[in-house]
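Enquirer: For reference, the chains in residue letters:
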Amino acid sequence: MKAISRVEGRAYPVGLKNIDTDVIIPAVWLKTISRAGLGKGAFESLRAVPGNVFDDPEYAGAPILIAGDNFGCGSSREHAAWAMADLGISAVIAPSFSDIFSGNAFKNGLLAIVLPQAAIDRLMEVARTDDIHIDLETQTVTTPFQDRFEFEIDPFRKHCLINGVDEIGLTLKSSDAISVYEAKLSADRPWLAPNPV
Amino acid sequence: MSTPQTLYEKIWNAHVVEQRDDGTCLIFIDRHLVHEVTSPQAFEGLRAAGRRVRRPDLTLAVPDHNLPTTARLDSNGQPIPIADPESAQQLEALERNAPEFGIDYINASDAKQGIVHVVGPEQGFSLPGTTIVCGDSHTACHGGLGALAFGIGTSEVEHVLATQTLQLTRSKSMEVRVEGELRAGVSAKDVVLHITGVLGAAGGSGHVIEYTGSVIRALSVEGRLTISNMAIEHGARAGLVAPDETTFAYIKGRPMAPSGANWDAAVAYWRTLATDPGATYDKVVSIDAADIAPSVTWGTSPEDVLPITGIVPDPSAFADPSKQEAARKSLDYMGLTPGTRMTDIEVQNIFIGSCTNSRIEDLRAAAEILKGRKKAANVKWAIVVPGSGLVKQQAEDEGLDQIFTDAGFEWREPGCSACLGMNPDKVPAGERCASTSNRNFVGRQGPGARTHLVSPAMAAAAAVAGKLTDVRAFAN
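Each protein sequence line maps, in turn, to chains A and B.
Plus 3 on top of the position in the first sequence (first one is 1) and you've got the working numbering.
Plus 28 on top of the position in the second sequence (first one is 1) and you've got the working numbering.
Same shape as in the complex, but just chain B (with noise of 0.2 angstroms):
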C-alpha cells in the first residue's frame, strides 16, 4: 500500500516534470491567468529574447485592476477610453500582447469581464487539481476549488509564458482545521480574518495550508473562495480545500469546464484527490468555530483582527517588542486611541467588492442587511463593485442592485476597484472605510485612507449604522 498523502502532496507530484538533486523540481502549470498589471514587463522580455508563449491555450487574459468602475460603453455602444494616460497605456498593451501572442483575451465590455480571481472559476477556467498561477497574490483565491493556485512576480509570469513550467521547491503542509457551528452573523470572511488573527500576517510562512474542519465542509464554494483568497494574508503560499460534491456542483456546466466523457473522467479524478486517512501535516492549528464573531481590523496588518465586540489594543500589549512600535505606528496612521470600543469608530466610506468578497453570495448577504434601510447621512461614498459582469447580470435579475441604490449606494461595473485603488476609486485622505477587501496596508485603498476589513454583511451594517457596528444587531 503506498503511502498516505496530503492533498497537496498529490497535487504537487502529479505536476513534476523533473526533479534535480538539490530537490528543486520543474512543476507543470496547467492555468495561467494574465493581466494588464503584472504582465507588460513579461511580454516585453519574451519579444526581446525571441521567445513564444508555450501553451496559449492554458493562458487566458483579462484586464481588471486599472478598469474605471463607471460606465465602459458610451450611448453609442462605443467603449469609453479610459482617462488616466497611464491606465490606458497598460489596458492596450495587454489588448496588443495578447493576440499577438495568441492568447485567448476578454476585453473590458465583455459580460465575461472582471476580476481575474471571480472570472476563472466563475468560467471553468480554474479546476480542481490543477496548478493555476497569476502575476498576482491572490491567486491563492482558487485553492477553494483545490487547485494548487499561487501568485507569481512577473519575471515568473514570462517564465511561464515561455516554458508553462515553473522551478519550485516543495513548500511545508499546514492544515487549518475549523470545527463546530458558526454562529449567527458569522461568514466565511470572518473565518478567514479570525484565522489571519490567531496565525499572524508570517503565520503561514513557507507553508500551503489545507482548510479542513466541519466549517469547511458546509462553505459553499464562493466561501471557500474567500477563505482560501486570504491564505497569502496569513503568509501562505497557497490555500487549499478538498474538492467535494459541493465543488463539483459548482463547477459542472461552466463554459470551459469539461464536458459529456471528460465529465466523468474529470470528476472521478477529483475524487482521488483529497487528503488520505493517515497522512500528516508538518503542523496542524485547530480552531473551534464558536471563538469567531464578526471580525474587523484595527490596524494596518491583516493580523490586527477584533471581534467587532473588542476594543482597540494598547500598543504597550503586545509580548513582541517590534509588534509594540508596528502598533504605535498602525494606531498613530488609523487615528485611533487604544480602549476605544471598535462600534464607537464611525466611518466615512463603504466599499463591497474585490476578489475576496465580490461574488453573488457576497452581494446577497450585503443587500439582505440593506433591504428596506439606508445608509446614514455621514457615509459619503458607499459603492458595490461586482466580481464580474455575470455577477453584476446575475445581481440584477435578482433585483439587487435596486436594493443597494434605494440605499444610496452606488453601483459600479467589475473590477479590483478600491481594494487598491489603481483606477479612480480610491478613499480619500484620513477617512474610513468599511471594506470587505483583503488588505489594510498603509495607502492601500489610498494615500492616507484607513481601511477596517469586514465581511459582506457587516460592510454594509456599518453603512447603515454610519460606523462599524455588530451585524447580529440586524438580523432581518
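Excised from the complex, chain A in its bound form (with noise of 0.2 angstroms):
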C-alpha cells in the first residue's frame, strides 16, 4: 500500500445519501483480471447526467469527493475503491460509509473520513469555489476560510496508511501464533476439518 498523509485540492460536489457500488462502479467493468484502467467506468451513471460534476472541468483531476450518508452501500468489490484510485481520488469525505468500502478504500490508500452532516453542508459549499485540505497527522479537514473539522480514525489504520504497510506482511509475522491456534483447533474440534468436495 501506497503511503499517504496528506490530501489538497478541489472536490466534486456529489453529495447524495446512498451512493451506491454499482453507481461507482457498474458490474460490467468487474470481468476485468486487472486492478488498473477502471477510472473510466467510474460513477457511469451519474456522468451520464450532463453537467455533472465529473465532466466539469471546474473540478478534472479533483483527489476529493464529497458524498451523503452511507457512502459505497451494496457490493463487496474492491473495484470501487480501485475505479475512484484510478479517476484520481485520494480521499472520500461522508456522514457515514459502508464498512466494506471503508475496508476496501483503506487496504488502497483511499481515506474515508467521516464527519458530521453540517461539516459534509459546509464542505459542499466551498468545493464549489475553493480546495479542500485534509491532513491525516493531525486529522483535519481545513478550508481556505478557517474551517477546521476533525475526524476520528481507527490508530492501526492511521500508522498503516501513514506509513504503507504492507498489511500481509505484518499479519505473516504472526505465522507462529497461527500454528498454535490451528493446533489447538485441530484439537478441540476435529471436526472442522471439511470432507474433500
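Hint data in this document are derived by calculation from the structure and do not stem from the laboratory.
Honestly, I wouldn't trust all of these hints.
What follows is a set of in silico ranges between Cβ atoms, one per label pair, in the way DEER data are often shown [claimed, not checked]:
{"#": "1", "chain 1": "B", "residue 1": "104", "chain 2": "A", "residue 2": "6", "range": "50 to 60 angstroms"}
{"#": "2", "chain 1": "A", "residue 1": "180", "chain 2": "B", "residue 2": "360", "range": "23 to 33 angstroms"}
{"#": "3", "chain 1": "A", "residue 1": "140", "chain 2": "B", "residue 2": "352", "range": "56 to 66 angstroms"}
With a Cα cut of at most 25 angstroms, we get these calculated SDA-like pairs of lysine to any residue [said to hold, decoys possible]:
{"#": "4", "chain 1": "A", "residue 1": "110", "chain 2": "A", "residue 2": "53"}
{"#": "5", "chain 1": "B", "residue 1": "399", "chain 2": "B", "residue 2": "425"}
{"#": "6", "chain 1": "A", "residue 1": "176", "chain 2": "B", "residue 2": "280"}
{"#": "7", "chain 1": "B", "residue 1": "200", "chain 2": "B", "residue 2": "316"}
{"#": "8", "chain 1": "B", "residue 1": "357", "chain 2": "A", "residue 2": "18"}
{"#": "9", "chain 1": "B", "residue 1": "402", "chain 2": "B", "residue 2": "367"}
{"#": "10", "chain 1": "A", "residue 1": "176", "chain 2": "B", "residue 2": "140"}
{"#": "11", "chain 1": "B", "residue 1": "357", "chain 2": "A", "residue 2": "48"}
{"#": "12", "chain 1": "B", "residue 1": "38", "chain 2": "A", "residue 2": "182"}
{"#": "13", "chain 1": "A", "residue 1": "43", "chain 2": "A", "residue 2": "53"}
{"#": "14", "chain 1": "B", "residue 1": "280", "chain 2": "B", "residue 2": "248"}
{"#": "15", "chain 1": "A", "residue 1": "187", "chain 2": "B", "residue 2": "291"}
{"#": "16", "chain 1": "B", "residue 1": "311", "chain 2": "A", "residue 2": "118"}
All residues carry an ideal CB built from backbone N, CA and C; glycine is no exception.
Two independent chains are provided; combine them into the complex using the hints.
Expert: Below, the structure written as C-alpha cells:
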C-alpha cells in the first residue's frame, strides 16, 4: 500500500446519500483481471447526466469527493476503490460509509473520512469554489476560510496509511501464533476439517 | 459464573488468534469461498509476492457470476465456451488459479456448481459457529446457519488466502426480534424487505445483527438464509440466526459436513452457541409479524419498501432533505409518479433466482402460484435460475420445471444471472422487472433497468397478472 498523509485540492461536490457500489462502478466493468484502468467506468450513471461534476472542467483531477450518508453501500467489490483511485481520487468525505467499502478504501490508501452532516454541508459549499485540505497526522479537514473539522480514525489504520504498511506482511509475522491456534483448533474441534468436495 | 454472551461474542471469542492493544484482533477464518470475479487480482498478488495459500483445505472455489445460464454442454457433452471474451477470461483465471494453489474447484458443468452462497450450505461446507468469508457482500447469507459470515474485498481475499486470518475490530451487536405469526402470503423475503424498510439501508451499519423471535425460529433454514442474505442491505456487517434442531437436521448428511463421532461432537458444540439469557445487545429492534405484508420496493435503494397495498410516495413527504433528493432521483429513474398504486405498475420481466431466493423452497413457492396458470402477454421475459445444479435437479424431480415452462418461463442453468447482469441475462433499459434478487440499485439488472424486489411467490403472481400484484389474491 502506498503511504498517504495529506490530500489537498478540489473536491467533487456529489452529496447524495446511499451512493452504492453499482453507481461507483457498474458490474459490467468487473470482468477485468487487473486492478488498473477502471476509472473510465467510474460513476458511469452519474456521468451520463449532462452537467455532472465529474465532467465539469472546474473539477478536473479533483483528489477529493464529498458524499452523503452510507457511501459505498452494496457490493464488496474492491473495484469501487480501484476505480476511484484510477480517477485520481485520494479521499472521500461523508457522514458514514458502508463497512466493506471503508475497509476496501483503507487497503488501497484511499482515505474514507467521516464528518457530521453539518460539516459536509459546509464543505459542499466550499468545494464549489475552493480547495480542501486533509491532514491525516492531525486528523483535520480545513478550508481557506478557517473552517477546521476534526475526524476520528482507527489508530491502527492511521499507522498503516501513513507508513504504507503491507498488511499481509504484517500478519505473516504472526505465523507462529496462527500455527498455535490451528493446532489447538484441530484438537478442540476436529470436526471442522471439511471432507473433500 | 461467566458473563452472559451473545452468539456473536461467542463466535468472535472462539476465533481470536491475537489481540492488539488498540483492540484490533487477528481472527481465524474457518471457511473461504472463492468465485471468479473478486479473486483474480488476489491470486496475482500472491504470485507477485511469492506467497502460497495457507489453508487450501478450508477454501472452496466455484464460478457463478459470469456464467451464461444457457446450456453448458454441447450435444457431445463438451463444455460450450463462453462467448464474452472478458467473462471467459475471468473463468479461465479461476480454472487456472484453483489447481495452481491447491484449492478444490467445482467446475461450471458440475451438478454441484451454483451460486457460492447456495453451494456452501448445500455441500455442508458452511457450518454453525464458523467464520466464513467470500469476496461477495451476500456472504452474510451463511449467517442463517449461525455462522459469522461476511463479504470482503479482494485485498482481504488475498490476506485470507495467504494467512487464513483477517485483521478485524469487533462490531457492535444488534438484535432484530420478529415476534408473532406471519400472515398468509408473507414469506421470509417479505420479512427481510420489511426489516430493511424499518432499519434503512444504513441502519445496521457497524453492527452484526442477530435475528431472533418466534418468526425466525419457525422459519426453515432456506428462509433463514434468505433473511441473513440481505443483512447487508440494511448495512450490517453480518447477520446471524442461532443454530437449532432445524439447522442440525438441514446439515446432517451433507457431503462436506462432519459425520459419525465428529457429527455428535459438532452438534454438542453448536448447542452451546445460542445467546445466553441475560446477555445484552448494543441495540434492539422489535418487529411485530402482524405488521408485515407481502412487500415490494418502489425506488433504487433496498430501503424503499412498501406493502403491496401501498402507493408510490411523494418525495417531499420524507423528513430527511437528502432522502427527498434521493427519492426524486429514484422516481425519475424508475419512471414512477407519486400516488400511483403499486398494484397498477406493469412489469415486462420476471426474474426468479439469486443467492437470496433460488433454493428449492423458493422454487416451490413460485411454482405453487404458477401451477395451471400462464404469464400475461405483456410479460416478455420470465426466467427461473436455480441456485445450483442440485437445486435444479431436485426441482426437476418434483416436476417444477414443467410448471414453470408451461407458464411461459424459461428454465435455466444455475448462476448469479440477472441479479447483477454480469452474464448475458439483463433487463432491457426502461423496462421493469419483478425480481427475487436483493438489490434495486440504478443499473443493477442492466443499464436503465427498473427493479422491483419481491418474494418468489410475488414474482410468480406478477408474471400472471402482468403487473405487481398482491399474492394473497392467488391462494391455491
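Enquirer: Now tell me, hint by hint, if it's right for this structure.
Expert: Results for each hint:
1. Range check, residue 104 (chain B) to residue 6 (chain A): Cβ separation about 56 angstroms, and the 50 to 60 angstroms hint holds.
2. In this structure the supplied range 23 to 33 angstroms is violated for residue 180 (chain A) paired with residue 360 (chain B), their Cβ-Cβ distance being about 54 angstroms.
3. Between residue 140 (chain A) and residue 352 (chain B), the C-beta spacing of about 38 angstroms breaks the proposed range 56 to 66 angstroms.
4. Straight-line distance between C-alpha atoms of residue 110 (chain A) and residue 53 (chain A) comes to about 33 angstroms, which puts the hinted pair past the 25 angstroms bound.
5. For the hint linking residue 399 (chain B) to residue 425 (chain B), the alpha-carbon distance of about 16 angstroms falls within 25 angstroms, and the restraint holds.
6. Distance restraint check for residue 176 (chain A) and residue 280 (chain B): the Cα-Cα separation of roughly 38 angstroms exceeds the 25 angstroms cut-off, and the hinted pair is therefore not satisfied.
7. A threshold of 25 angstroms between alpha carbons decides the hint, and for residue 200 (chain B) with residue 316 (chain B) the separation of about 23 angstroms falls inside it, so the pair holds.
8. Proximity of residue 357 (chain B) to residue 18 (chain A) is assessed by CA-CA distance (about 13 angstroms); at most 25 angstroms being required, the pair is judged to hold.
9. In summary, the hint linking residue 402 (chain B) to residue 367 (chain B) is not supported, as the alpha carbons are separated by about 30 angstroms, beyond the 25 angstroms threshold.
10. For a cut-off of 25 angstroms, the pair hint linking residue 176 (chain A) to residue 140 (chain B) is broken: about 38 angstroms separates their Cα positions.
11. Taking the CA atoms of residue 357 (chain B) and residue 48 (chain A), the gap is near 12 angstroms; set against the 25 angstroms cutoff, the hint holds.
12. At most 25 angstroms may separate the alpha-carbon atoms for a hinted pair to count; residue 38 (chain B) and residue 182 (chain A) meet this at roughly 21 angstroms.
13. Only pairs whose Cα atoms come within 25 angstroms are accepted, and residue 43 (chain A) paired with residue 53 (chain A) is accepted, the gap being roughly 17 angstroms.
14. In summary, the hint linking residue 280 (chain B) to residue 248 (chain B) is supported, as the alpha carbons are separated by about 15 angstroms, within the 25 angstroms threshold.
15. With a C-alpha separation of about 19 angstroms, the suggested pair residue 187 (chain A) and residue 291 (chain B) falls inside the 25 angstroms cut-off, and the hint holds.
16. Between residue 311 (chain B) and residue 118 (chain A) the CA atoms are separated by roughly 23 angstroms; this keeps the pair inside 25 angstroms, and the hint holds.
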